[in-house]
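Could you put together the complete structure from these sequences and hints?
Chains as they are written, first to last, in this note's numbering: chain Z, 520 to 784; chain R, 520 to 784.
Keep in mind the hints are simulated off the structure, nothing from the lab.
Fair warning: there could be bad hints in the mix.
[To be verified] Simulated pairs of lysine-lysine, BS3-like, Cα-Cα distance not exceeding 27 Å:
id: 1; chain 1: Z; residue 1: K645; chain 2: R; residue 2: K620
id: 2; chain 1: R; residue 1: K645; chain 2: Z; residue 2: K645
id: 3; chain 1: Z; residue 1: K645; chain 2: Z; residue 2: K620
[As the list claims (entries may be wrong)] Not everything, but these chain Z residues come out facing chain R in the computed CB check (under 7 Å):
id: 4; residue: T524
id: 5; residue: G625
id: 6; residue: V647
id: 7; residue: P653
id: 8; residue: D656
In this text, a Cβ means the ideal position worked out from N, Cα and C, and glycines have one as well.
Protein chains: 2
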Amino acid sequence: LHAATLGLELIGVPVGADRVEVDALQRLDADVLVLTPSHQWPTGAVLSAEARTAVVEWARARDAVIIEDDYDAEFRYDRAPIGAIHGLAPDRVAYAGTASKTLVPGFRLGWLVLPDALVEPFAAAKLVADRGSPVLDQLTFADFLRRGEFDRHLRRLRPVYRARRDALVAALAQRLGDLRPTGIAAGLHLVAWLPDDLDETEVVQAARAHGVAVAGIEPYRVAPATQGGLIFGYSSISESAIRRGIDLLAEAIAGLRSGGPSPRA
Amino acid sequence: LHAATLGLELIGVPVGADRVEVDALQRLDADVLVLTPSHQWPTGAVLSAEARTAVVEWARARDAVIIEDDYDAEFRYDRAPIGAIHGLAPDRVAYAGTASKTLVPGFRLGWLVLPDALVEPFAAAKLVADRGSPVLDQLTFADFLRRGEFDRHLRRLRPVYRARRDALVAALAQRLGDLRPTGIAAGLHLVAWLPDDLDETEVVQAARAHGVAVAGIEPYRVAPATQGGLIFGYSSISESAIRRGIDLLAEAIAGLRSGGPSPRA
Numbered sequence: 520l521h522a523a524t525l526g527l528e529l530i531g532v533p534v535g536a537d538r539v540e541v542d543a544l545q546r547l548d549a550d551v552l553v554l555t556p557s558h559q560w561p562t563g564a565v566l567s568a569e570a571r572t573a574v575v576e577w578a579r580a581r582d583a584v585i586i587e588d589d590y591d592a593e594f595r596y597d598r599a600p601i602g603a604i605h606g607l608a609p610d611r612v613a614y615a616g617t618a619s620k621t622l623v624p625g626f627r628l629g630w631l632v633l634p635d636a637l638v639e640p641f642a643a644a645k646l647v648a649d650r651g652s653p654v655l656d657q658l659t660f661a662d663f664l665r666r667g668e669f670d671r672h673l674r675r676l677r678p679v680y681r682a683r684r685d686a687l688v689a690a691l692a693q694r695l696g697d698l699r700p701t702g703i704a705a706g707l708h709l710v711a712w713l714p715d716d717l718d719e720t721e722v723v724q725a726a727r728a729h730g731v732a733v734a735g736i737e738p739y740r741v742a743p744a745t746q747g748g749l750i751f752g753y754s755s756i757s758e759s760a761i762r763r764g765i766d767l768l769a770e771a772i773a774g775l776r777s778g779g780p781s782p783r784a
Numbered sequence: 520l521h522a523a524t525l526g527l528e529l530i531g532v533p534v535g536a537d538r539v540e541v542d543a544l545q546r547l548d549a550d551v552l553v554l555t556p557s558h559q560w561p562t563g564a565v566l567s568a569e570a571r572t573a574v575v576e577w578a579r580a581r582d583a584v585i586i587e588d589d590y591d592a593e594f595r596y597d598r599a600p601i602g603a604i605h606g607l608a609p610d611r612v613a614y615a616g617t618a619s620k621t622l623v624p625g626f627r628l629g630w631l632v633l634p635d636a637l638v639e640p641f642a643a644a645k646l647v648a649d650r651g652s653p654v655l656d657q658l659t660f661a662d663f664l665r666r667g668e669f670d671r672h673l674r675r676l677r678p679v680y681r682a683r684r685d686a687l688v689a690a691l692a693q694r695l696g697d698l699r700p701t702g703i704a705a706g707l708h709l710v711a712w713l714p715d716d717l718d719e720t721e722v723v724q725a726a727r728a729h730g731v732a733v734a735g736i737e738p739y740r741v742a743p744a745t746q747g748g749l750i751f752g753y754s755s756i757s758e759s760a761i762r763r764g765i766d767l768l769a770e771a772i773a774g775l776r777s778g779g780p781s782p783r784a
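Right under this line is the structure:
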């Protein structure tokens with residue numbers, strides 16, 4: 520939608536449960552490839568080392584640019600850090616970071632590390648777009664970084680988010696064992712895939728009727744859905760609220776499965 | 520340039536020394552008219568009451584929208600306040616204000632008062648453009664407004680800017696009496712028109728060689744130049760620096776007129 524507004528044509532690349540499909544990439548004819556390699560949005564899939572090499576080769580062969588949107592690489596729980604693709608090909612990759620996930624979305628600051636040839640065009644486009652980001656916010660963030668507060672902030676938050684993720688994964692296993700969570704090793708959300716007997720839209724509506732706001736994955740699909748899934752963001756919800764939410768969601772799904780009307784609808 | 524980047528066609532409307540030319544407006548075929556009625560950028564011309572009525576009639580007849588960019592209406596020195604065109608036709612006029620002139624350009628906050636029918640489309644466009652302005656900055660500015668500090672700030676600054684304007688006008692009259700200043704009753708800059716024997720580009724270059732940064736009006740013209748002019752911004756320069764700058768500019772212009780090489784070039 521956003522791409523179309525800008526006059527761009529959007530082409531999807533299939534993403535497996537835990538990988539971008541390299542074969543599909545080989546057939547892709549595009550000028551720009553946007554990736555979220557350390558935690559794919561929304562599935563949480565990690566781009567394998569093999570796929571990282573393949574996308575760089577793809578970009579070189581086609582004189583294309585990779586936009587590496589590293590939107591939530593700062594929060595990892597059960598895996599080693601993964602190097603940025605940018606390091607493999609700094610002349611091909613525009614690396615994008617943001618403070619939206621680590622600090623707060625309302626802060627509105629992000630950054631790009633660009634190939635030399637793109638620095639001037641991007642600076643000119645930024646000037647036309649908004650004449651630059653707020654100066655006080657930039658100075659404040661620079662001070663926060665320089666004094667080491669940003670690193671301390673991340674270290675403080677990592678166990679908080681890990682505990683919320685653990686509570687969510689445990690509650691799902693206990694109450695909704697046939698949902699299959701993926702992308703749980705990092706980030707601030709996970710996707711739980713639905714078994715075939717559950718319709719995504721019906722589950723989202725039944726959850727809402729039980730007072731649980733959970734998003735379906737359908738709006739983020741480029742190709743038609745093959746399997747339903749729910750996106751659970753856990754960054755701003757306490758562990759007890761997470762457990763209560765999954766209890767209510769389990770009630771809603773039980774209602775759907777019993778075929779009766781939703782008890783609270 | 521900016522308009523062309525956005526795929527829009529730019530059409531100029533002639534602006535007299537102190538008025539928009541209403542006759543030219545009648546022949547104008549456009550969907551949107553952008554005006555800076557309280558202090559035209561860059562000439563400082565004020566849109567007369569007659570012209571205000573005429574632009575509203577023009578917009579109604581053509582089902583067009585007026586964007587009223589009231590970028591520096593807060594600073595007036597020798598004239599009564601002028602009502603916004605928005606008040607004449609709230610259904611036709613998008614009123615735009617900014618904190619860039621009253622506080623600091625790096626603050627990057629502005630606001631729009633829109634006709635009802637444009638609120639939703641503008642909100643959607645803002646979301647696509649940047650997902651909204653920084654929240655902390657908005658809350659800070661709201662608090663500054665609510666506690667009356669913004670009004671106090673304007674009252675404190677008005678005499679400061681007035682003194683700088685007076686110093687500039689006096690220095691021009693004393694050292695460069697054949698330059699004709701306009702737009703001096705309001706705002707934070709003035710335009711001084713050059714007599715026919717002085718070429719704008721040569722004056723700007725000679726001034727630069729004397730250590731004086733002054734902008735020509737040519738880059739802001741839509742139609743070919745008929746007369747040269749210099750834009751003097753005085754908001755961030757002390758009175759003594761203003762006087763020193765005009766002294767140096769007078770030297771530069773004297774050098775041009777004597778036909779010799781610039782003494783410091």
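Structure-based check of all given hints:
1. K645/Z <-> K620/R: Holds, because 21 Å separates the two Cα atoms, which is no more than 27 Å.
2. K645/R <-> K645/Z: 15 Å, holds
3. K645/Z <-> K620/Z: 22 Å, holds
4. T524: Result: holds, 5 Å to nearest chain R Cβ.
5. G625: G625/Z check passes; min Cβ-Cβ to chain R is 3 Å, inside 7 Å.
6. V647: Check passed: Cβ of V647/Z comes within 5 Å of chain R, closer than 7 Å.
7. P653: 4 Å, holds
8. D656: This interface hint holds because 6 Å falls under the 7 Å limit.
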